[in-house]
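Heads up: the protein sequence lines correspond to chains A and B, in order. Mapped onto the numbering used here, the consecutive letters of the first sequence carry residue numbers 4 to 633. Mapped onto the numbering used here, the consecutive letters of the second sequence carry residue numbers 462 to 1309.
Treat the hints with care, as some may be off.
[Claimed, not checked] With a Cα cut of at most 20 Å, we get these calculated SDA-like pairs of lysine to any residue:
#, chain 1, residue 1, chain 2, residue 2
1, A, K573, B, K1134
2, B, K859, A, V87
3, B, K869, A, M571
4, B, K1198, B, R935
5, B, K1208, B, V904
6, B, K1134, A, M488
7, A, K573, B, Q1069
8, A, K612, A, N540
9, A, K562, B, D890
10, B, K1134, A, E489
11, B, K859, A, E287
[Claimed, not checked] Here are a few chain B residues that sit away from chain A, every Cβ distance over 10 Å (derived from the structure):
#, residue
12, T620
13, E651
14, F757
15, A893
16, K896
17, Q967
18, D1027
19, E1102
20, D1105
21, H1110
22, T1143
23, K1198
Derived from the structure by calculation, the hints contain no laboratory data. Please read all numbers here as calculations on a predicted model, not as lab measurements. Virtual Cβ for every residue (Gly too), placed ideally from N, Cα, C.
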Amino acid sequence: MPTVHDWINNPLGVVDGMFAQSHSSPDWEKKVVEYFKEKLKLNDAHAWVPSLNDVPLHYLKPNSLVKFRCMVQDMFDPEFFMGVYEMNDPTSNSKQVKCGKYKDVTECGVDFNSRNTVTSERQTFYCVPIPGESQWVKESYAGTSQARVVPSTSYVPNRHKRSYEEDDEMDTQSQQMKDVSQGAHSSADSHGNMEPKRQETKAPSQDSSPSHCTSSLDLNFPLPGEKGPACLVKVYENWDSFKLNDMLEVFGILSVDPALSVIADEREASSLLDPTEGMETVEEQRVHSPPASLVPRLHMLHAQPLVHNNPLLPSSALENNGDHLGSVLGELASVRAELLTFFTHVLMGDSLAAEYLILHLISNVYSRRDVLPLGKFTLNLSGCPLSSPYTEHLYNVIQQLVPSSFRLCMSLHNMNNHRMVPRKDYTANRLMSGILQLANNTSLFLDETQLEQGQLDTTGVQNITALGNLISWQKVDYDFNYHQMEFPCNINVLIASEGRSLLPSDCQIHLRPTLNPPNLEEYLSAVQVAQVPSLINKYRIYLSMARALNYTISDEITKAVEEDFVEMRKDDPQSMSAEDLHRLLVVARLLSLSHGQNTLSRDGWMKAKQLEVLRISQTQQQKCLNGNEP
Amino acid sequence: MSSPSSQSRKRDPPTPASEDPLSPPSQRSRAHDTSTELQPMPTSPAMDNSLFSSPMAPRSVLQSEIDASSPLMYGTPSSRVEGTPRSGIRGTPARQRPDLGSVRKAPQVDMHSEPPSGDAAAGSEQGTGAAGQRLVIWGTDVNVGTCKEKFQRFLQHFTDPNSKEDENAGLDLNEPLYMQKLDEISVVGEPVLNVNCSHIQTFDADLYRQLICYPQEVIPTFDMAVNELFFDRFPDSVLEHQIQVRPYSAVKTRNMRALNPEDIDQLITISGMVIRTSQLIPEMQEAFFRCQVCAFNTRVEVDRGRIAEPAVCRNCNTTHSLALVHNRSAFSDKQMIKLQESPEDMPAGQTPHTTVVYAHNDLVDKVQPGDRINITGIYRAAPMRLNPRQSQVKSVYKTHIDAIHFRKTDEKRLHGVDEDGDQKLFTKDRVAMLKELAAKPDVYERLSSALAPSIYEHEDIKKGILLQLFGGTRKDFSQTGRGNFRAEINILLCGDPGTSKSQLLQYVFNLVPRGQYTSGKGSSAVGLTAYVMKDPETRQLVLQTGALVLSDNGICCIDEFDKMSDSTRSVLHEVMEQQTLSIAKAGIICQLNARTSVLAAANPVESQWNPKKTTIENIQLPHTLLSRFDLIFLMLDPQDEAYDRRLAHHLVSLYYQSEEQIEEEHLDMAVLKDYIAFARTTVHPRLNEEASQALIEAYVDMRKIGSGRGMVSAYPRQLESLIRLSEAHAKVRFSSKVETIDVEEAKRLHREALKQSATDPRTGFVDISILTTGMSATARKRKEEVAQALKKLIQTKGKTPAMKYQQLFDDLRGQSEAAITKDMFDEALRALADEDYLTVTGKTVRLL
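Based on the provided sequences and hints, a complete structural model is requested.
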């Protein structure tokens, strides 16, 4: 067991100490940041830092170091604060210079006229947990955490048991596996309805903090039904390097000073006294200074941008972990084969569709040429059975494999009522989130089988347009009322539909079941249960790895591809347009990556072509079939 | 102007002196004189100039706690500079300037006890020299006397012969500019003098620095100076209140994002968009208290937003007997305005910042949400106290800007010429870089290849779009009754699906600052033009503008042009030639400017381009609309091996080239943007003699080609197109003259476009009438021939009054050597019917 680290439990003490030593030389700020960076680098030290994601807020000690895995949902205006201030000490009648950095509230007796006061600037980000993060990711992150969190107050949480249970499990080596397998089982058991399960696992945090239930405060999560803490992250340096929707792991000092809530409570009283205060609308106050018990403040010491949120992979860049990579690559072929069989079973025996599903899941917008996003691969899986909750099962399978995902039922009601595009609310001065505000590499599962006939209203049309834009250009135009602002994104969109989807897609494949199990539900759950948890973990690693691999095309292959294209055009110019070549190049790329090759080989190119030919024939066959039917 | 009731009444108090025995009017009024609004800075007093050359450390924003009741506050007569404004102003009331923070009283201090010496003018450096003027405002290096004198000299002598501002329209540019403005004030009676800070900067850099650093002190000094000057010149003029100086265009900050703690209490200019305005807030400037016991009156000024209620009556010594009398207190207007960064200023991937602005007095309600404005004002920060009963303080400041001057950036769009509507300031380096680029002989090719590099080839189309981005020169012929000539170039792209038309449109839309992108399928006529709607809050009718109006001075990209409904398309007729939009709806009748270039893309009706048909037949658009496009390009799949090979190479390289390689090959999109913006704002080419000759020749040639074959191949519209294209090409070269090479390129491009779109598929000749009348001349000729043949046939048949339709058709077919379709036959019949030669009833044809 580790000793209690001062720098975790009392980081402000460290900061103040360094400030006192510095004798007001300006570089102490850098030293502080360096100090914490160094500390965090030490052998897995960051695992000792408790995480806001899995520890309920009231278990955490105020002013201690915590971490938070989050997405930047909104950026507030920069604020000026007292970086250094002087304080009158009434007892000794002396003056003291204090540091105001990393704090929300000053100590008593600030001398406003002191010349030593230094005004500094900081930026506030409104951060939410990564939207659509899968349960297994959460559990796995929580499992790797080494932090011992003991409720610091006299408060007795009514669901004590669970956290102890987790703690105990952590000691065993196989904990991680177990945890994950539990996740897999429980979801397999409770398929058909994810909600009860979610509620169950979420219960501790909800029960224990009654304010969650009573509060009407909208925490502005992008996806409906999300839970977890939102956080105001105060950023002290380089805030320009962060972008909206970035995934971050923030290490910072937790501030839940009740004085912050006082502001909200006594707003009315103070507004009478300070006219400037009264000018801010109530809404704005509510959004920008919500009670700290609901939305804690986090003063950032260090933030690590997350390339992915897969807990099974090291969070740093892949290059640094050559050995890890090597071990995975070794069994890559077998894992791929297993995964293909698994998908084939899930897709009722259609191995071609399974192949395409793998390609889709590892697709990634790796570059943009002016407006054109490269590498996106939106898949339209048509021919999904309508009657049974097949799409739901399919989504469950995907959810088990990717770190974050969301299933959007494109029912008329949803399309007409959901806010998809984030919109700026000028009264409250914040960005109202929408379903399409998602972090990079989130899997968006559009269930078009839920769409019935009827009328789309204005919102519905706008939503469809937004989805279309997302698919074609990988961008979302956020609505700023007076103008729109374009935010590029990188979201894998999978459309499940009965016929051809009304949305554009890069590639359409018609499902052709070869198996016809009498009871689809039983069959699917059996397929899922059959997967060993360790294997599922391998799938997860495989998918995240393959997506992140580098890829090049040699000059030689370039030539060959060009030749091939000219050749194909010669035979039948109609069959091969520029668009087809675009798609073929993407398929070839993804196919190579899925086999762990980071360059295109002649063989890979041929395979990609074959695959495309097969797909087109299968889709066209379906068209003919449909045409013949009355 | 605000209503008189909101003006500070205390200036010329109607109150009899008896009411106010302890503060005689002479003393009181002086206390409110603008000069007493000067206040100390929290920084060290009397900094010398050298301190300012080095970057200042973030300054404290805390105010001095100097006791407001101290005699220092009100100065002593000896500390004032000789000749207060009042002496020359004769009772014109001064008006409080809450925008300068006058609520906070502060002294100007005679730093050294010695009285000001007589040679005040000689003392240029305050606080440093041994002799000379030592009187500076506490905390600054501003000497009131010198500052005033400098400003008066500036007003009297500053001329700006090269002024381009529209405010200065009608003024003699060689005379001192601001003296003319003072004349204007005396005539108009609006006591506001707007002063361009850059003028001050060119005139006296030191004065400018002082203005920027200590606006709160310097602007009242300016006020004094201008009032003295004004009332010297126009002693008899009557103004509502004293003239207020409103500086604008301080070059300090352009961008909201660049504001930092160093800017606090300085004069700044930022641009942005108004997103919200509050209701009018009456702010108490002075409270009026009356003792309930002895009816003694007293006034208390607002100090930092608070009124210190007197606890004891000074007259009768009763405690807590004073009550506030609201309608004798003085209030001023105040309004909160939320300003948001303009979208152009924003780095990608971040959300826009907002700032709070307070407008005072007559600036209230000057701006509306949605306006783009440049605001000049003083940046303020105030600490937030959690609670008066708590000594803890939230360590965050509230910041806002006290507005001194608003300038709408889009205001000028209302009246006429405006190419520089959104002036973008380029640094000298950037301009030099752009000019260097312009000097290159192949700049045209370079730019066109930089346009949408991911789209393969289509060189001429890219060149066309490039010229469209630059646009022609705007000409005004309203004197001669022709109105404005269109300067915008309209382009239509038609062609096979999947030839990256949409991508090209998307690219253009992303490139231009005021671009709009709509799809024909999804837009209605109102969506394109404007609609009237009732504001739910105010019940006012509001005109909401659509894509075409929004893209005024920009480019409106319309995808799927062919899918547009006819009614929607019909609104484009006006826009594309007259460049205006007329609206008559719900009691609002108006004409809006819509000087937008249209870039449209259309798919052929049969989904695949049919080379056997004309453009009109392929896209089924009314020729009235088509003729309004300057260039119509076909984007076809050429189906040729060499092309395929290059295309494949291009596409594959798209997928494997790294970012750096791409950078090397092409011009940056940002450079292209700046280049276009610079050319549009600064270059206005005119035709030179040779060029006009060349244009005339070109036009005559075009007419000749047609007339040789008995048809017209060019119309004045084509000539106008040529002129626009040549002008745009001259702009690409940054040339102020349109020369022959420009005309040559315009001709070439025009011919290329014509060759593609106006080629008669039957004859292979270019025939402009396909676009202008919807039918090629050969087709018309053939129609006539068939009709004649039919007439002859009927005549040979002799005197039969009625014939069978089918029979006649068969006969005609048998007789004619060319194949005659049923359509042609029907047309011929119709032509003859029009001649009243025959009538067709059902299946029989009757002669008349």
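Q. Would the least Cβ to Cβ distance between T1143(B) and chain A come out above 10 Å?
A. Check passes; 26 Å lies beyond 10 Å.
Q: Could you check that no beta carbon of chain A comes within 10 Å of the beta carbon of Q967(B)?
A: Its Cβ does come within 10 Å of chain A, the nearest being 5 Å, so this is violated.
Q.
K573(A) and Q1069(B) were given as a pair; does the straight-line alpha-carbon distance stay at or below 20 Å?
A. holds (19 Å)
Q) Is K573(A) close enough to K1134(B), meaning Cα to Cα at most 20 Å? A) Between K573(A) and K1134(B) the Cα gap is close to 40 Å, so the pair fails against 20 Å, i.e. violated.
Q.
Verify this label for me: A893(B) is non-interface relative to chain A, using a Cβ-Cβ cutoff of 10 Å.
A. Holds, since 26 Å exceeds 10 Å.
Q) For F757(B), which was marked as not at the interface, is the minimum beta-carbon distance to chain A over 10 Å? A) Its Cβ never comes within 10 Å of chain A, the nearest being 27 Å, so this holds.
**Q.** Interface exclusion of E1102(B) relative to chain A, criterion Cβ beyond 10 Å
**A.** violated (6 Å)
(Q) Checking one constraint from the list: CA of K869(B) to CA of M571(A), max 20 Å. Satisfied? (A) This hinted pair is violated, its Cα atoms lying about 59 Å apart.
Q: Decide if the proposed pair is consistent with the structure: K1208(B) and V904(B), CA atoms, cutoff 20 Å inclusive.
A: Holds, at roughly 19 Å.
Q: Could you grab the alpha-carbon distance between K1134(B) and M488(A) and see if it respects the 20 Å cut-off?
A: holds (18 Å)
Q | Hint consistency between K859(B) and V87(A) [alpha-carbon to alpha-carbon, up to 20 Å] | A | Holds - the C-alpha atoms of V87(A) and K859(B) are around 17 Å apart, at most 20 Å.
(Q) Tell me if the straight-line CA distance from K859(B) to E287(A) falls inside 20 Å. (A) holds (14 Å)
Going through the hint list in order, the structure does not satisfy hints 1, 3, 8, 9, 17, 19, 20 and 21.
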